[in-house]
Structure formats: structure tokens, C-alpha cells
Amino acid sequence: MTDCYCLWCGRSLKYGSTLKNLFHIDDVLCEKCRQSLSYKPKKIKLGEMEVRGLYVYEGLLRDMMIQYKELYDEALFPVFLWQNRKELKKKYKGYTVVPVPSSTARNIERGFFPVERMFGILGLPVADVLYKTDDYQQKNIPKAAKGRIAEHLKLRDMELSDRLLLIDDIMTTGETITAAYNLLKENSKTVKVLICAYNKGFLGNS
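The working numbering numbers the first residue of the sequence shown as 12 and each following residue consecutively.
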């Protein structure tokens, strides 16, 4: 049997595996790293919008996300959705993916689009219909202006699919994804929301 190695720690994927898993390895992380992630799938209600999140943004998951996005480690793109890819692909069959737009300048530096690369593992069609009117980053917006994030997002003048899946990597406050959802719902029959990770402050929200 050919050996493979964890994309995070570099250990053999056989490391720490059960006897059963030794003969059927279907992951890009070793079992120890996979079990260290804060995998807590949750449906979060924000007004009329329901967000489906997979991980809590903390611990090892946060470290992986920083390595992927801030240190431009594109090779990590499969780790986040690998275990859910078959289920999600089936659940959202027929949907067109709409990414929440990220900083154009940062994406040029990276040489890839983190959100699209991450969710590309689902093999769903993508429509970049949302854009920013200026290249802001949410963490750099003054607190007094946080409620006006919607002013920075616009929808391109183009025909939209009847079934859209709004995606993002991390939901911190929910303001950006709410603004994006509000733009899409006026122009499409069905809009669902899927994020990789959510702020632990949402743990009590259901």
C-alpha cells in the first residue's frame, strides 16, 4: 500500500489510525490532526438568513486558516472540506456557488483566491457576481462604520441562477455575509449560505 502524508504535520496518514482505517485511508490529514480540529457543524440564524457552519474558528483550525490565507500556503486548500466534500456536493447539487468577495490586492499577492480554491473541491459552478466598491478589509474598518459594510458591496448586472450557494471561509460578525445575502435574495429564488468556520461567539446562536 502506497504511503501518504498529512498536509499539516507531515506524518504518515497511517499514524494513529485504527486497523480498519489502515486499509482505507481517505483523508489529507492524519487522524491526530483531524481530531484536533474544532469540528462543530451548526445552523446559525441571523434574521431570516440561516447559515450553515462547519468549524469553530479556534485552535488548530485557526492556525491552518492563517497558514493558508495569510502565509499563502495554497497546498492546504483541501484540508477544510475534505471530509464533507461528498455530502456537500450531493446536498447542493444544482446550486451555483457565489463567493463573498475578498481583497483584490491580497489575492494578487497570494496568487490564488482562497475561498474559491477551498470550495472548489465541491466541483460546483462558480459565479463571481459580488464585488467590493473599494478594497477594504473588514478588520481595518472602524467600529463606528461596521454597520455600513453593505455600502461597500455591489451586485454585478448579470442574470443569476435560481439556486445560489453563498460561501465564505470565516464568519466573524455576520455583517458581510448578511449584506451579501440581502443582495442575492432580491435576484434569486433560493439562496443558501455555507461557511467553513464561524466565530465561537455564535456557539449559543441557533
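Bear in mind the hints are in silico, worked out from the structure with no lab data behind them.
Take these hints with a grain of salt, some might be off.
[To be verified] In the EDC-like style, the derived pairs of lysine to aspartate or glutamate whose C-alpha atoms are separated by at most 20 Å in a straight line are:
#1 100 - 120
#2 200 - 139
#3 80 - 127
#4 102 - 61
#5 143 - 61
#6 104 - 61
#7 200 - 162
| said: Taking the earlier hints as the rules, which of them does this structure contradict? | reply: 1, 5, 7
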